[in-house]
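Novice: Spelled out, the chains give:
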Amino acid sequence: MRKLPLRLAGHLVRALVMIWVVATFTFFLIRQMPGDPVAAQYEQLVQQGMSPDGARNATQLTYGFMPTGSTWSQYTHYLWRLLHFDLGRSTQTLGVSASSEVLTGAKWTIGLVLAGILLSFAIGAVLGVIAATRRSSGTGDALTITGSLFHAIPQFVMALVLITVFTVIWPVFPTDGNVDILVDPGFNGPYIASLVSHATLPALAYALSMFGSYLLTMKSSVISVLGDDFVLAAELRGLTRGIRFRYIARNALLPLFTIFALTIGFMFGGAVFIEKAFNYPGMGVTLVNSIGHRDYSTMNATFLLITAAVIVANILADLLYTAIDPRVRRGGTAGA
Amino acid sequence: MTDPDSSGAAIEARGIVKSFRARGDVLAGHTVHALRGVDFSIPAGGAASFIGESGCGKTTLGRILAGLESFDSGSLSLGGVPLAELSPRKRSPHFRRVQMIHQDPYSALNPTRTVDAILRDPLALRARQTGRPRAWIDARAREVLDLVGLDPGYVLPRFPHQLSGGMRQRVVIARALTVDPAALVADEAVSMIDVSLRLGILNLLRELRSTLGVSVLFITHDVATARYIGADGELYVIYRGQIIEHGPTETVVADPVHPYTQCLLSAIPVLHGIEQPGADRLTPTEPLDESQPEDGCLFAARCPFATEKCRAERPELGHLGDTVQEHACFYPQRRSVVATPVAGS
Amino acid sequence: MVAATQATANAAATAPPAVAVRDLTIVYKTPAGELPAVSNVDLYLPAGTITGLVGESGSGKSTLALALLNAVQKPGRIATGSIDVEGLGNLVELPAKRLQEARGGEIGYVFQAAQNSLNPLKTVGKQLLDLGRSHGVKDRAGLVRSARQLLARMGMDAARVLDSYQHELSGGMRQRVGIMFALVLNAHVLVLDEPTTALDMISQANVLSIVRAVHAERGLTTLVVTHDIGVVAEVAEHIAVMYGGVLVEQGPTEDVLRAPKHPYTRALINAIPRVSGDPSVARPLPGRPPTLETIPKRGCVFRERCAVYAERNLPECVTEQPPMLPVADGPGRLVACHAVGTKESVR
Amino acid sequence: MATVLETPTGTTPTVTPARQGFWRNLWRVLRRKPTRLAGSLIVALFVAMGVIGPFLYPANLPIDAGNAYAGPSGSHLLGTDFQGTDVLALLVTGSRYVLVAAVIAAACTVVVGTGIGLYAGYRRGGPDSVLMRITDFIITIPGLPLLLVLSTLWKYSNPLTMGLVLGVTGWGSVARAVRSQTLSLRERGFIEAARGLGLSTAHVVRKELLPNVAPYVAMNLLISVTVYIYLEVGLFFLGVLPFNENNWGVMINQAVQNGVTQTGQGLSYLLSPLVAILLLTLGIVLLVDAMDEVFNPRLRED
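Residue numbers (this note's numbering), protein chains in the order written: chain A, 67 to 402; chain B, 1058 to 1402; chain C, 325 to 671; chain D, 4 to 305.
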């Protein structure tokens, strides 16, 4: 197992480098804004008669970085604060730190994305196996076509279609927000029921827009595994159908993890659409609103956290893959 | 010995050393000595065969002679021109005259191009170099296909997947001929071809030697094929990167003196009924294992006759015991290991 | 060299079964309709013998080998004929459950060295337990013990092998694990598909000696399928030659090699370069081996490449598939050729 | 018909026999399955809509306030929007921006992705690991949030900027697919043989590698067109971008803004752009599996 810590270290280093690059990118991006908001706020405060230092501190509080001084000192100051997880203040809701603003949204988004991933993974994998085993028949082709179609349907189209069907034409589900405000929060029946009912449509939107790619990947990987020698060998050694099925399924799952890692960025990206369509208060909506209101520190914080979430998810997917595939865990060349 | 600057070109190699840093974590940090100072020479239009177990370095040597692999030290000259000192750009025109025939005909041809396109590009290059008109390209394409016994009309418009394994290997040889090579390095060139067709390819290689004066280097683990193709040439037996026996093919096959060569020849299946097995057939005491000791004779760990001296010193290639062929063994001993035909079969 | 252990002793007690394949035809569904990969094969594997089945690409030898476990893969199917294994009955009619038990239980199949016949994600040991579970073996310790004996018998470090994954084993080692899996449940019929392809001469000789020793110790009926006549000459007492899906000749190996009757067998032996004697005696065989689509529908499948037909072009070679007939001067020799066979004296 | 299916290899102006063969093969492959014919028809329809559409309608479409949110009727096939303008007209005029931006982005992705994939796969060693780190980085960054953040900088007024921005951020998966394919191709004998014959690297890349990589590039090209359509329409739907000319995303945004999802009024105004996207996506998806046969002679044959 000596290789695992090595692999983990590699991941962490890459993750830190990536976050640093993204942070630098947004730092300079905000600098390029038409009418640099940070400087604008500084001048505005000075005009209102605040002393330059006072104005600098106030702006620094709001944006989290020094409005004056050389770009380099601002940059280093910004990074220093970043290390302390201090991403500045949100200008939209005064006094609330940007990071807390985002974190409140984060748990909703992650909850939704998780539900979406699990649902789409399950539906996609099962249908993929069926499409593979019955590939010469009609059901096989039908599943493949639906798979590739749903895979190509954008998330917000799926969201809007679900909304029109389930809230307008046949109003079964509540339309917006994540929970019914009237119900008092707490660990009680109605609160959870309203939570779930509000979450079903968005999670369904996720699942329906993602299961297609899992279906297609699972189908092609099952077909390729069925062609492997060990499947025929298992049959010739008289292994029972159940054991053979488990052999095939486990080997077929591997490519799914690589796809899984690829689609995570896609999923978090999609969060913006689905949350906006359902008006579900997650990170995505926070990002959109922060851009709408020119609240750059929150935008910066949200973007960083979304990227961090994607990176963490990728690391998890890779570790899961290593856990399943011994070839990666215990590499090494064959003996004489 | 024909003079070096005839259309063919003699190949001279002295003290070729090549080692790889193994990447697998089992051998991490451990270098694999592929070649440990190999001397080799072949006259223009000559024949040489290399035999040995897989992983003994024979393919690496073939790739070095064809210029597809660099080597750490030693000298290599083609038609009298020393290549080690030349810059890669200057070296490549020379190495172009040594063409490699790969083992797998299915991966040696680009599946998306017709045979015509495959032959046309190298011929266009050749036409530019030798100042020949464009019309020569089509004519030469048909010529090389005739040379390898294929019907140009049938083969030219087809894609590789429309040809059989044997026909594909012939197209590979035809492609090699487009650059008028001095030497062909055939690495296990027939092991993936059906038994009844193998001889056709081997005969083709023999004919090319006589008609075009091309020298043929045959790399294989199948001794009988090596003997058939290089009957009037030299046979080199390689073990863990070192040549341990070398001499005229007939002598080494009929009268081997190094225990490893004897093990190789003993392992050849005997066609009972029309052949009787050699009296003292040998088998190595251990399977081949990379981690076997490096000091002393490389074969000591597996040699049935190894002594303390064998484990301590490494014998050099020489004629100890006034043998016709060179060998690297302190105790060369004639043994009848090869199956001989039963009278009257 | 062989420590006769308790496990193998009682295995040898029960006599090995004979296997009789009668008039077997296997067809494959292709765009051009159902084409025969194996047509009307009669093959008899005498109890306790090693038979070598020789054939080039497209000869149908691998399909026949799979048929011995009634495991012809789609789109192929067994059209006619029977495969009788003593003590088991006709495999073609065996109910699915009994067939599943017979595979691995009575009949063992071994893949090529280059093929990965093991599940890459599980260790050899775990897969051994899966095998036991599938065959309802209660005494798991006994199973592991006999597996260890078999692996040790084949010169391997049993403990390390049971604990390793497939990618940690070399081609030769993987194959010996395949042999262990085929025999660990005391199967008495062993089928080896191209056991020595892609192996060096020395490892090939090693594998063949293991096959011979294991066959003798455990008293098996063995079939070795290969394209290399040398392998058959080295290990099998009985040889059968296939071409284009048809069994063209069978008999004791030494007799057939000494005096091949069928033109194809003669040409095949003559096309092999020898390591001794005059090298230029070898002759290539013109034309090329048939594929499923190019096997002639009527008459003798070898007609286009047959020297005897080219010289005498007997009409029935074109119209009628030659039946497998005994040969006048050889006990147990059978040949499927109009120009040879008993009718020869009449012609 | 050509724009969407334009493959990067079609650079040489004169149609050499192989190229002419290409179009005939393309037609033969498409004809083989009805689904592909349907797909190419749909795509052709949308391309025509994008090219000819805007000429069919006046610059600013007539507004008929009284007739807002009318359902589909004789005069307005797809009904009207909140201002009474004909939805079909909006759909047709709005298609050009979407299609042009998507095609530019796809072409840019394919050129950049294939270039990097081929170079990394062929050169291996140092440059390969550097390029692959960059590709991993591009793939890990969630596409849409990045576009959102960039939207504060550029206003994507014309399709070219939108296409370029999408293209520059989206070439990761093509590069990765092409690289792994090139790595496996590099082990094949014919690449080493070509170098052994003294053929130039340019020849090896253009004549040996590219034709073998083409199916993967074509498939990624088509799939990336659908992804880009969805990204750009989504951006407009979110309303983060000011819009001066109409397009599908704007229509959806306006519909949602005007409470179509609450009141259920003017459903056709919301659904027509959605259906248009679905139809175009379906058309492209049906063509994807044909790409392998178009470039691989073995599959093209039977």
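Since the hints were made in silico from the structure, they are not lab data.
There's no promise every hint is true.
Said to hold, decoys possible - Keeping only pairs whose Cα atoms sit at most 20 Å apart, straight-line, the calculated EDC-like set for lysine to aspartate or glutamate is:
id	chain 1	residue 1	chain 2	residue 2
1	D	210	B	1365
2	C	450	A	152
3	B	1147	D	195
4	A	173	A	119
5	C	421	A	301
6	D	210	B	1178
7	C	446	A	301
8	D	36	A	246
9	C	446	A	246
10	C	450	A	301
11	C	621	C	454
12	C	398	A	246
What the hints assert, rightly or not - Covered stretches of chain D, going by a simulated chain B footprint (3 or more residues, C-beta under 8 Å):
id	segment
13	200-214
14	291-301
Virtual Cβ for every residue (Gly too), placed ideally from N, Cα, C.
Novice: Decide, hint by hint, whether the structure agrees.
Specialist: Status of the hints after comparison with the structure:
1. For the hint linking residue 210 of chain D to residue 1365 of chain B, the alpha-carbon distance of about 59 Å lies beyond 20 Å, and the restraint is violated.
2. Restraint check: the Cα-Cα separation between residue 450 of chain C and residue 152 of chain A comes to about 52 Å, which exceeds 20 Å; the hinted pair is violated.
3. The hinted pair formed by residue 1147 of chain B and residue 195 of chain D meets the criterion: a straight-line CA distance of about 19 Å does not exceed 20 Å.
4. Restraint check for residue 173 of chain A and residue 119 of chain A: the C-alpha separation of about 38 Å exceeds 20 Å, so the hint is violated.
5. Between the alpha carbons of residue 421 of chain C and residue 301 of chain A the distance comes to roughly 12 Å, so the proposed pair stays at or under 20 Å and holds.
6. Note on residue 210 of chain D and residue 1178 of chain B: the hinted pairing holds, with a Cα-Cα distance of about 10 Å set against a maximum of 20 Å.
7. For the hint pairing residue 446 of chain C with residue 301 of chain A, the CA-to-CA distance comes to about 16 Å; that is within 20 Å, so the pair holds.
8. Restraint check for residue 36 of chain D and residue 246 of chain A: not satisfied, since their Cα atoms lie roughly 51 Å apart, outside the 20 Å limit.
9. Among the hinted pairs, residue 446 of chain C with residue 246 of chain A is inconsistent with the structure: their alpha-carbon atoms are about 50 Å apart, more than 20 Å.
10. Distance restraint check for residue 450 of chain C and residue 301 of chain A: the Cα-Cα separation of roughly 17 Å lies within the 20 Å cut-off, and the hinted pair is therefore satisfied.
11. Restraint check for residue 621 of chain C and residue 454 of chain C: not satisfied, since their Cα atoms lie roughly 45 Å apart, outside the 20 Å limit.
12. In summary, the hint linking residue 398 of chain C to residue 246 of chain A is not supported, as the alpha carbons are separated by about 57 Å, beyond the 20 Å threshold.
13. Coverage of the segment 200-214 of chain D by chain B holds [criterion: at least 3 residues with CB-CB distance below 8 Å; count 7].
14. Counting residues of the segment 291-301 of chain D whose beta carbon lies closer than 8 Å to any beta carbon of chain B gives 4, which meets the minimum of three for the stated coverage.
The earlier numbered hints that this structure contradicts are 1, 2, 4, 8, 9, 11 and 12.
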